[in-house]
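Visitor: Given the coordinates of chain A, work out where chain B should sit on it, guided by the hints.
Residue numbers (numbering that gives the first Met the number 0), protein chains in the order written: chain A, 0 to 159; chain B, 0 to 775.
It should be emphasised that the hints constitute simulated quantities derived from the structure, not laboratory data. Ideal Cβ positions, reconstructed from N, Cα and C, are used throughout, including at glycine. Careful, some of the hints might be misleading.
As the list claims (entries may be wrong) - Between beta-carbon pairs, the in silico distance windows are: (1) A:V55 with B:T34: 31 to 41 Å; (2) B:V508 with A:V55: 48 to 58 Å; (3) A:A66 with B:R424: 48 to 58 Å; (4) B:P35 with A:L61: 51 to 61 Å; (5) A:R71 with B:V53: 49 to 59 Å.
Claimed, not checked - Selected chain B positions facing chain A (in silico; Cβ < 7 Å): (6) P14; (7) S23; (8) T34; (9) G240; (10) G241; (11) R656; (12) L657; (13) T688; (14) M691; (15) L692; (16) D701.
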Amino acid sequence: MARLLELTLNGRPRADGVKDNLLLLDYLREVVGLTGTKTGCDGGECGACTVLVDDVPRLSCLTLAAAVAGRRVETVESLAQDGRLSAVQRGFHEKLGAQCGYCTPGFLMASTGLLRRNPHPSDDDIREALGSNICRCTGYVKIIEAVQHAATLAADGLKP
Amino acid sequence: MNEIVPTRNIGDYVPMVDGPEKVSGRAKYTADLITPGMLAGHIFRSPYAHGEIVAVDVSEAAKLPGVKAIVTGADCDRTFGVLPIARSEHPLARDKVRYRGEPVAAVAAVDDATARQAISLIKLTVRDLPAYYTAKAALAPEAVALHARKPRNIERDVLFELGSVEQAFAEAALVREGTYNCAEVCQNQMEMHAAVADYDHGRDRMTVHASTQVPYYVHLMLSQILGMDMSRIRVVKPHVGGGFGCRTETLNIELIAALLARKVGGAVRMVVNREETFITHRGRPETDIRLKIGMRKDGRITAVECECDQRGGAHSGYGVVTILYSGSMLYAIYDLHNVKYVGRRVLTNTPPCGAFRGHGTVDVRFAFESLLDEMAGELKLDPFALRRANLLSAPTFTENDMMVNSYGLPECLDWVERESGWRARKGKLPKGNGARKGLGMACSHYISGASKPVNWTGEPHATVKIKLDFDGSVVVLSGAAEIGQGSSTILVQTVAEVLGLDLSRVRVVTGDSEVVPKDNGSYSSRVTFMVGNAAIDAAQNLKSVLIAAAARKLEAKPEEIECLGELYRAGAQDKGLTFNEVVTEALKDTGTITVTGNYSTIPESHGGNKYRGAAIGGTMGYSYSAQVVEVSVDEETGVVTVDKVWVAHDCGKALNRLTVEGQVQGSVWMGMGQAMSEEAAYHDGLMLTANMLDYRVPTIQDSPPIEVGIVESIDPHGPFGAKEAGEGSLAAFLPALTNAIADATGMRFNDLPVTPDRVFGAIEKRRRTKGGNGHT
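Chain B on its own, in the form it takes in the complex:
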């Protein structure tokens, strides 16, 4: 007889549990929910960037046969927003319009064509106001305020100075300063935004299916906007075609669909097009950074001063948090003591920005790692040596009170240095005419979930339930939003691991507020860490119930019971009970078994109080990443080709090596898009790039091989030691690329994206001025 052992379910390459649905066309996304009789919803959007609303005339549209309902700002005077301190957005504009594309009215009609025709009959009259398309313009003293509550158009300014910054600069051997500009970028996830709202008039109940990362936040905002008790609302998240942060807050689309559905007393399907998806936005803001670093001759950083202005768009969204992250996340990667940060989040007449993957950390990290590279060159230090001179030693708390318990950055550096052949190849790649080759490196980090949730309710950070019944199947119930990142797979793996069962015995149910426990949502890379820990807790509680039942049946003490997954026995000589026999025994007590698992962060991770907003950046565990990028620069055309990327990511413990690799590769590649080609461009507030040809994401033909090294620092609090894997590797690509271009050409690019036009312009400029390694 083969020995029965518990099945191991973590640490291997595990395909996603919902993969078969996705490759067969059976996976239903919101726009796929088409039923007969459903009405089509469309939005009328402001063609004006800034104006006082004089009139919204829907009379002609209302006369069109087939139009069933029209809503305008007059139908809803309530506001929404993700941060309780900044709920200032109306689902449909009232009093003012603040950006081109802002929703003003919406129509539900019998079909798409009728709804679109009705939209064309709506007339908006405004009294023009001056509009501001850059942070600088909006900050001018004479500028008109977009929002009365923010008279200077500053959503939030942040200032902190920790340590003795001035003195530390004075004592530095080398002080250098750089200015950097990162263009605004969009998530551009493949699924366009969609919502299906269905109002049951008889029962006064609302059901909304939405393409969201945060079903719970959608639930809250539907209640707020509709003025309905939360118990009358049901939110369902079907399969979601990516998010990358643009769906980490309730969008106006699901709210408008619900307003229409209630007005019409039925079901409305609202699927916006790609242009509208771009304009709904919530991407990464255009950011201007001035950064100054002081350093000793050995590369040790003595002082940092960083100023950061973000063009936030017309509403607050996550803005307050974004500008705080940009400051707090200067820390927790290197050992810094004297840091001054000045951040300004500015309101402008452009679509609202949000929480794009790597939230708030990416552009500042680009500046920081660029300047380190430049200074390493001046001090004739190897860029790896410079990083190694500034490492943290964990466990520690940073100067801004961030808790660092596991720190795999040294191993990440070792891995990419070795695998890229850095020492043998750096500075020795061909630099002939035509293609000049270069190598660059950089580091980055990210949080595994914010330690304090946006909505502080006193509940645990995560709750998972498990149901076990007569059939012996283990059903995990979780509100964690699977958006393609693999959260459902991780839940199944962690529960199966604790119980020693094969994955096939475990099912997962998620995404329906009627069935699953509340979850805060899929953002800030919180799910594996927090929901994973809650799932482990739930599975351990279930295991205790099963062991108690086995002990009773076997007439043994619970501590004598050995759980081997499919077999429970009292000692090695015991024939034992099968899993199904144990379940049958356990059900005698209570009938269907349900257990709960919880997880909460510890207070030590909540940040300090040295400045206002110092909780932002606090997490239970930071991930770390190091990258080496190899490029070829064609000096005839300005085209930069990324030949290869080596990336090492410290994810604590890889619960699933396949999905860790996929997340890390996807992050690196998304960083590549921002670094090389992506830019949301505007003309007088009109987005010029609101399609997938002008907003240029890399194709498979532009994309390099990305070799992933997994570093496992085993975090003491992580689920089986795990930390996040889905965001931390994005930021390092940007500076690793420009550092590689600098290595190849001697030219340093501080403005992103580094397009062929920019590179060619810089090459031409250098030719005209006869050499020189100047900035561009």
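One chain only, chain A, in its complex shape:
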């Protein structure tokens, strides 16, 4: 079966015909063409596909596209505004929170979600919020520094 999916994607209203069994991840990558969101595993293991649904980090590989009807979905492509990187993006770039970059969109979205609900996280808050995202390059040390740097940039007025 198929249906018409209406949602707000990266700030813009959008409507697409989708099959009932289409995953949000495949909808974003293959229907819309937003390939920033990554597939890293066979389902729910790695966090690379994390997006925000109404500000809450969700695994798009375990979410049906049909389930986000009427909701606000945000992907990594929405973070920069007017060509300027967000605080979280700058944090990861400047502190080397990204090496190969493949897990990075998931970490960015989970971190953005964290800073929206907790602008001044402790290191343990960061560990908890990013506990289901796997990175194989960094050992996470610089990811924690990146999120703390982002929190500082956001406190100085940059969009988180």
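Guide: Below, chain B alone, put in the same frame as chain A:
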């Protein structure tokens, strides 16, 4: 007026030049290359561990609407492999299947669902053969050979004995022996393997985009497998989501995608899932080690005897090199003279192993540093003192003819000893009930690129080109594969440094065989050293062209020209020429300027000939690492927590402190995964851990702070003195951890990974036997 000075571009914290793409979602990886009309490729894999192929029946699959092409072993009788001496693997099995998951057939269809359905309709019939899942089973006298060319299932045995080993053991004050087992581990890089192959039927040309560390090797193997002239092939490496060695050889995935694309006359996108990525494997083999060390009372090592068996899997891959590294890299860290090594690389009915980060050195280093710790305890020597009693003095050649020119291990030891507060805290941490704390240390080393390349062609080891045109932008062209380690950033930095220009003037183009010069690839930590030196050479050649042009315009001699990056002048009083003015003048001669830079290793670094394979281990520069690990062991649960790691790494010269720190932290952490939780487990050859829940990599919540000390020994041959930073710190973590656990609990773990189950089992065993510090 501000004084114009050349911009300094090395030695600082420099974010990666491709970072903005990665944090914005714009970076395209192979699986992101989705275009309308592209076919989906899927692989049918053997469910059998070992058998003679009787039939591969694809007739039902071929009838399925939407299926465009099917390939089987019958479509390709050629073999591939990374080592010219061991090219024995078919992209799709012929005659025999040798491991569960080996590709047998593949389908290209209009979409994923159709391709998957077609796969389910393929029938494989085999005549069963006995299968061997351990090295020991495959070595049994009655075992059937996996490959006819290797009747005893030994891919390679290595034996060397240098010095007077027997006599040196007899003269030792203390001789101890240990046995060690390290589980097989996988790279498990975040990006699953992917290839997009596009065949242009009219022009008979093949373009392949692949998630690889070695585009040149992929190019070679595509030519070999397809029987196509290399000039008809183009290989593109998009952004790559990590490698850690599993992509340092051509994988069957890109070859199968190309076979399908040619058959169908179009584009096929092959993205395998996580389970298939695990099964494609090329990880670190399960290794059994028996190690014996003889020592004087002052801790000086007199003799070493090491036996090493590796379960290599069903095909050779890098196996010959791996088993040689395990022997040769006993050297070049301590001053050893009497060493015997016996290594066996065994063929088994499991997925093929490969060149995992720290290639061949890690498990032997774990054994070596564990036994040193144990012997230090018996001799009542501090573990640091024991290492200091065995240091090399550079420059030197080791007993197996390895060239050591720079040696920062003493400074690494000093740094971690000081920063961890070792002297004040060792032996004085709380050992109460519940969490017992301990400190452990160990050392490791690694090469900065193998001195002899796998494919010896007589060319320089690395070539870089620079293009400069009317716009004044400096464009570096290099085949060095950026896989997240930061090679593109290092190239931009080195070229900008030589020319004294700001980084923003320099761009880098890489990853497309149509445009960039060939490069051997990103493996054995060769890129900063070799490609970095080639980039310096290219930039110096460009600078000479610019100085000559400036001299002509300023009516001066070239040696009078001072290059200040954005300004060229003849003496301090001269107003000089801007960079753009110099470029305009230089272009008058030749139009667009292109310069070449090369780098080759020197023969002294190529190893000797005291045993067969003695070139393996030869390099222009070894990196060194020392680590201290602090742990808490919960004796109620067996859970080990790493509280902190101090690591010092001698990288010669840190060209980029940010990426050096990132590489060192990542190495240490990857060592932690191997030491504590990672294990590829099988049931009758079926991988049980082929997902990221059962194959347990540490999460951010398991991971400790890792403090990095950078030691700069300034290698005489390194680019600005630099050596490798991306592998050498991995190995030391493993023994530093088990040495710390021994310090905390008195229990020594010689088998990896040290899981809570293992620790708890050992604690229970000790409780039952009332104390004792025995081995587990």
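Visitor: Each hint: holds or not?
Guide: Hints, verified against the model:
1. A:V55 with B:T34: 31 to 41 Å: The hint (31 to 41 Å, Cβ to Cβ) holds, given that V55 of chain A and T34 of chain B are roughly 33 Å apart.
2. B:V508 with A:V55: 48 to 58 Å: 41 Å, violated
3. A:A66 with B:R424: 48 to 58 Å: 53 Å, holds
4. B:P35 with A:L61: 51 to 61 Å: Given a distance of about 27 Å, which is not inside 51 to 61 Å, the answer is violated.
5. A:R71 with B:V53: 49 to 59 Å: Given range 49 to 59 Å: holds, Cβ gap about 57 Å.
6. P14: OK, holds: P14 of chain B within 7 Å of chain A, min 5 Å.
7. S23: 6 Å, holds
8. T34: Cβ of T34 of chain B sits 10 Å from chain A, so the hint is violated.
9. G240: 3 Å, holds
10. G241: 4 Å, holds
11. R656: This hint is violated: R656 of chain B lies away from chain A, its Cβ roughly 10 Å from the closest one there, beyond 7 Å.
12. L657: 5 Å, holds
13. T688: At about 12 Å, which exceeds the 7 Å cut-off, the nearest Cβ of chain A leaves the hint on T688 of chain B violated.
14. M691: 4 Å, holds
15. L692: 5 Å, holds
16. D701: 9 Å, violated
Hints 2, 4, 8, 11, 13 and 16, counting from the list given before, are not met by this structure.
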